[in-house]
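Undergrad: Start from the sequences, fold in the hints, and give me the full structure.
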Amino acid sequence: MLKIENLHAAVDGKPILKGLSLEIAPGEVHAIMGPNGSGKSTLSYVLAGREGYEVTEGSATFAGQDLLAMEPEERAVLGVFLAFQAPVELPGVGNANFLRTALNALRRAKGEAELDAMQFLKLARTRMKTLGMTDEMLKRSVNVGFSGGEKKRNEMLQMSMLQPRLALLDETDSGLDIDALKLVADAVNALRGPDFSALVITHYQRLLTHIVPDRVHVLAGGVIVRSGGPELAQELEASGYAGVQDGTPSKRSFDGSPVAA
Amino acid sequence: MTAVASTGAAAFLGRHEGLRNRLPGARVAWVEALRERGASAFRAQGFPTRRVEAFKYTDLAGVAGQVFGEPLTSVDDAPALPDATHPRAVFVDGRFRPDLSTLGELPFAVRSLAEALPNLEGRIGALARPEDAALVALNTMLFEDGLVVDVPAGVDGGTIELLSLAAESERAPAFHPRHLVRLGEGATLTLIETAEGPLNARYLHNPVFEIEVAEGARLSHGRVQQEGREAFFLSTVRARVAARATYDNFTLNAGARLSRNEIHVALTGPEAQAHMNGAQLAGDGQHLDTTTSLDHAAPNCASRQTYKTVLSGRSRGVFQGKIHVHQVAQKTDGYQMNQALLLSEEAEMDSKPQLEIYADDVKCSHGATVGALDADQLFFLRSRGIPEPQARAILVGAFLTEAVEAVAEEDVRAALSRALDAMRARQGLAAGLEEA
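Protein sequences, first through last, are from chains H and F. Counted from 1, the first sequence has number 135 at position 136 by numbering that gives the first Met the number 0; the numbering is strictly sequential. Counted from 1, the second sequence has number 245 at position 246 by numbering that gives the first Met the number 0; the numbering is strictly sequential.
If you are wondering where the hints come from, they were derived from the structure by calculation, not from laboratory data. Ideal placement from N, C-alpha and C gives every residue a C-beta, glycine not left out. Treat each hint with caution, since some may be false.
Said to hold, decoys possible - Short, incomplete list of chain F residues facing chain H, as computed with Cβ under 7 angstroms:
hint, residue
1, 375
2, 376
3, 400
4, 434
5, 435
TA: In structure tokens:
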């Protein structure tokens with residue numbers, strides 16, 4: 000499980016996360032909602048290990064291991080996967096070659112047999128079909144010339160190929176039409192099971208009607224100010240964040256103690 | 000003969016005196032006069048110092064201070080040769096070795112310059128004039144041999160290879176081959192040139208190419224410079240490209256302690272084209288310089304240049320690229336891009352694009368970038384489980400890909416990719432991507 004305790008993180012010396020606590024049990028999907036600038040993306044980058052995000056206090060463990068002490072690639076081997084809000088373009092790196100390289104790097108690290116080119120392509124094509132992607136997207140450079148929606152689908156393709164145990168979805172729904180949104184949701188739902196957890200970061204409730212979360216948290220000012228069931232998302236959709244931004248944080252998270260999952 | 004070890008320009012001038020009667024063409028009046036022209040030009044210029052603008056970033060003092068021996072006049076040993084994929088001419092220490100070459104039956108003439116010399120009056124020094132460049136002057140007074148390729152009009156010459164090897168020896172030889180390539184009207188040829196030598200041998204390789212591409216002809220010239228790490232490579236290519244002809248040059252500049260790779264192309268007839276691409280890979284202790292000049296001397300010509308430099312350790316890269324558009328060269332379409340990737344904080348890149356445009360209806364653009372690996376790209380790859388060294392290698396490979404993909408000729412592209420993979424492996428940047 001993912002266990003975050005009293006996490007403080009700063010970017011360029013500026014505090015962004017200010018004592019965030021959160022627990023996600025195996026098999027659970029949690030959603031984090033909140034206004035711009037509340038620290039949602041920072042949380043996902045800190046968990047995935049991006050440089051430039053300085054943890055000043057607190058801890059984050061996954062499956063009992065200290066995430067914050069690990070290199071990004073070690074976290075990936077442990078099963079952490081970040082779906083990027085703005086997927087990176089890699090000119091000159093073919094999508095298929097990249098995917099196979101990543102998949103086999105993980106398999107090697109876990110002592111599993113590597114996939115040859117045939118096995119890989121067969122698997123990739125199956126997963127791409129589910130995501131409504133064309134073969135041609137395997138041949139192009141990673142994300143180069145992809146539309147916003149294609150980039151997000153490509154993130155989901157990576158996720159479904161790499162089979163993470165903890166998926167961090169950073170606004171994967173942004174810029175998607177309803178059909179693409181459903182495909183993204185299907186990709187996440189297909190992975191749901193006792194050994195898969197996810198943290199879905201989103202502005203909008205609409206993704207959460209397709210990926211129904213076990214818990215919903217509201218992040219504001221670097222701390223979780225409210226937690227609840229799926230109905231909280233609908234409430235926020237109706238009333239907006241105005242009430243939580245300047246409003247009253249829930250007692251449980253205000254003092255930095257863990258929010259019950 | 001000079002018995003005392005001496006260095007610098009004086010040593011080479013002394014050698015010219017000493018070898019006067021033994022170099023090819025001795026007692027042939029025009030050859031002697033040509034060598035004398037070379038000697039007096041070299042005497043006047045010496046090894047260029049950094050006060051000379053063209054050598055501001057590349058210091059030849061390290062070459063000038065070396066003691067070099069003569070190349071062997073006869074070689075009995077046969078160095079180990081890499082496999083040949085195409086008909087191949089082999090040179091050892093600057094001399095043609097028919098015993099090692101596998102040219103077979105070709106539909107055009109390929110000769111040793113030393114042998115063909117009496118018939119080459121007016122051709123040597125026509126494009127590469129000793130008065131214009133000290134390193135050409137040095138070559139002109141001392142050339143021992145070279146390859147002479149003549150593809151007649153309308154003939155498709157296919158692909159040939161030119162392999163230049165330095166022998167394993169203690170003599171630190173200096174050799175100065177002069178290569179002449181001429182394509183008649185509408186002829187085509189692919190020439191793949193490789194220069195290599197023992198990893199730790201010290202030697203000077205100072206080749207000069209004079210290349211003429213006649214109307215409508217097409218020469219694809221792929222070059223792999225993978226000399227030993229103690230070698231000095233001072234190379235000059237001068238090409239003249241006539242109307243509707245194409246000269247396609249790709250140079251992989253990766254070996255040698257110090258390499259100066261000069262390429263000068265003149266587009267002299269309408270609708271001529273030049274593609275000049277290249278990659279430089281420098282590891283610790285290396286200094287690699289690519290200096291190009293492109294003369295647009297006729298209307299409706301196009302030129303494309305993409306150069307990529309990757310520097311690691313304490314290394315230094317130089318790119319100087321001059322495009323000169325003459326007043327007559329209306330409708331010129333010129334493009335030049337040079338980019339450098341610095342993998343270490345001790346690496347240094349000097350980049351100097353230079354455009355001189357005297358025509359008013361032209362399209363000319365250039366760009367230069369110097370930077371480190373992109374942190375976002377690196378993090379993305381690592382976040383997918385790819386270990387950092389492999390992720391770096393993938394990004395270096397991607398950076399170089401654009402220049403290699405610009406090479407139209409498939410044989411050249413394949414040879415370059417192979418050489419590039421080998422050079423990257425040597426620098427701990429072995430191909431990181433698995434093919435799918």
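Undergrad: Which of the numbered hints are not met once you compare them with the structure shown?
TA: none
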